[in-house]
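Protein chains: 2
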Amino acid sequence: MKQINIALLGFGTVGTGVYKLLLENSIDIEHREGLSICVKRILVRDIQKAARLQLADRSLFTLKIEDILDDPSISVVVECMGGVEPSRTYILSALSAKKSVVTANKEVISKHWHTFEQQARDSGAGLYIEATVGGGIPLLRTLTDSLQANNITRLMGIINGTTNFILTRMSEKGMSFEEALLEAQSRGYAEADPASDIEGFDATYKLSILSSLAFHTHIPVDAVYREGISSLSTSDFEAARQLGYEIKLLAIGKKAPGALVEVRVHPTMLPKTHPLAAIRGSYNAVFITGNAVGDIMLYGKGAGQLPTASSVVSDIIYACHNEGRHRHNTFRNIPDMDKDTHLVTDWESIYCIRTKVNDKPGVLSLISGVFAKHNVSLKSVLQFAQQDNSEGGQLAWITFVTHKAREKAVQSALREIDLLECTLEVESLIRVEE
Amino acid sequence: MKQINIALLGFGTVGTGVYKLLLENSIDIEHREGLSICVKRILVRDIQKAARLQLADRSLFTLKIEDILDDPSISVVVECMGGVEPSRTYILSALSAKKSVVTANKEVISKHWHTFEQQARDSGAGLYIEATVGGGIPLLRTLTDSLQANNITRLMGIINGTTNFILTRMSEKGMSFEEALLEAQSRGYAEADPASDIEGFDATYKLSILSSLAFHTHIPVDAVYREGISSLSTSDFEAARQLGYEIKLLAIGKKAPGALVEVRVHPTMLPKTHPLAAIRGSYNAVFITGNAVGDIMLYGKGAGQLPTASSVVSDIIYACHNEGRHRHNTFRNIPDMDKDTHLVTDWESIYCIRTKVNDKPGVLSLISGVFAKHNVSLKSVLQFAQQDNSEGGQLAWITFVTHKAREKAVQSALREIDLLECTLEVESLIRVEE
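Sequence order for the protein chains is A and B.
No gaps in the numbering here: position 316 of the first sequence is 315 in numbering that gives the first Met the number 0, and each next residue is one more.
No gaps in the numbering here: position 99 of the second sequence is 98 in numbering that gives the first Met the number 0, and each next residue is one more.
Not one of these hints is a red herring.
Same chains, same label: a pair holds when it works inside one copy or across any pair of copies.
Below are the EDC-like pairs computed for lysine to aspartate or glutamate, each with C-alpha atoms no more than 20 angstroms apart in a straight line: (1) Lys97 x Asp66; (2) Lys1 x Asp144; (3) Lys271 x Glu171; (4) Lys407 x Asp417; (5) Lys407 x Glu432; (6) Lys359 x Glu415; (7) Lys97 x Asp69; (8) Lys407 x Asp345; (9) Lys1 x Glu32; (10) Lys39 x Asp66.
Just so you know, these hints were derived from the structure itself, not from any lab.
Just so we're clear, the structure is a prediction, and the values are computed from it rather than from any experiment.
The shape of chain A in the complex, shown without the other chains:
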């Protein structure tokens, strides 16, 4: 039986989940894996508070990271704090002290992965990050350990449960964004400050990690185009319904021949028959297309104490198995993006655009003419509710769905349409995937 001592950094939701799961399953892990895993130290900010949970013996808690870094009997450090600092410093120190690191912290990994990898390679320690994306769903391991024989050409994912909960409520109950957000907050799905989720930052961290592994090139977070869901209105869902679509916050990564990569997070309309359109509530799912495997989809709880702990403990088991071996199976050979890869910003998509206009004869012809001038061809035009305006005329909402068009051409067309006298507002632009 291999005996391994580990330390936890942080004892909040994830940390206590990991502790409980290790305890609960210790006999199975000993029996099936031949490992005896002992939590020797837990770094906390407040020992009284941690002890009051009555989960772990008070003697395990410490306020000093040195008690962990300087203890040669501890070989694996599990970072469960979240945020960038002090996580970044502690992870680097642990790696340089030749301790393997397991983390669920998507923000610090997406921003400093490369530095960590370099440090891990130098010291021979392992870096395990399965829990950073998709909670308990084994997304990263599937990409690196099961789809190695594939060239991944596309991935599309619902990788933020908070926004998917809100969008499901808006779609199914006709709620406004504000109502749905309030419900998500009251159920504990959304933070008091929900910006990281609803503005799409959380999804960009995860897409950066996923697409780096899928496309074998480091994709920095700031390469990811980002739009959140806070400007979506009930009118958008009404239009989606009429067109046979659902609206999801999708993280999209595509790779074309010639190492052209596009990565973007934004509200997206999907046909109701697409497997991702059926993912409801706070569930996550990622749809992956490989040249051999075709389409596969992985689905499950993308967050939460025990699903996240499931991946963290799986990584701990990996790290323990690899302890004392020649080298850890951390991710290798992922070069920097700037070397061979070209980021596509003028991508091709289908667009669903809603305009608010003064309804006079010739308006439709005028607007369509601007699209045509910019080489944007239209697939369908729907006119929704009309109402009287204050000047005795009529307002109308016209929704245009394009064929595949280039992003920049569409944006140029919209700038020009916005300047037309008949245009009151370009109310919304939502991209469509099929």
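Since chain A is already given, all that's left is putting chain B on it; use the hints.
Coordinates of chain B only, in the frame set by chain A:
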């Protein structure tokens, strides 16, 4: 760069797929994995025929297994023949010659896995079987390598694409079983002799493998209860529609405390809102419930040349990485079933039962009385079409949906109902999962 020579046994659909994929992706595999994999020999039954494909050089083909077994430079043998013999003999011989084996052959693995494992353990060779279940979907690796921290309590899968294609056609187009089977055959989804698929044998092989890994105990194929789909009728789908269900051929494994295991393959009604109900055509999906991860689902193409080759090549890469190491990561510590595990045959389920009766006053009360006597409580009763019988009376079809009941109690009740004078036939019994 590690250089590994491998051999293929068989050069049919899977064998040629593996060969093509290795060739196509050789540069990526060298670059990302640090492996140079060379196919040194291919065992075939007809060299002329194999050479006519013009895929591989004629000098690679051989008719003699000894050319592979006796070649010390070959360290991995990839069995792509299917069927039990001579696969079983060749796999055993390869393992005893200390060559690792990769196989996609679910039948031989489900029937002789234990012998192979023993041999692999004795000789130190590896045994890699990801492709035996679910084509390109990484089901086995997810169970063994990603959900180690979980106790799996349930799995439910659509793991046969042929039958799912047929059932989708019956459900969506109102086809009869015979019509749908003919279409599946004409599209190449079903064999000329379709018994292995439609009678559920194929699914029992796969469930035996999946549940052995999920429940950490060898579940032999003949422990799996089996019913195929050939007796399903359009009336069954009509009833399902009215009740809000889809009918799927499900492979179900459950584990209760006390190592009580139930394993069964049979047509199953599922609520239309269940993620598995939405799996259409020849796709596969497996829904897994673990005590930490909650519900996860994996979805993709469960068969076909390239999806299967995707998993086989992934296994080849694993086997090559592990060559020359102390030991291969083959599955360990899966004890025989008879030691600690009790097979449940009197399982609990919901039942949907259709009877054909002579419609006289009191019939419903009579039949319900028999159910009650056997402790089977009814949730709903639907009476479908009536028609005149030949004796001037009326025929009626009555469908009963039970609450959860025991299998044996239901079967006893049905035997007694069958003997009632008013009963013409118990036409169908379909179990329901929720």
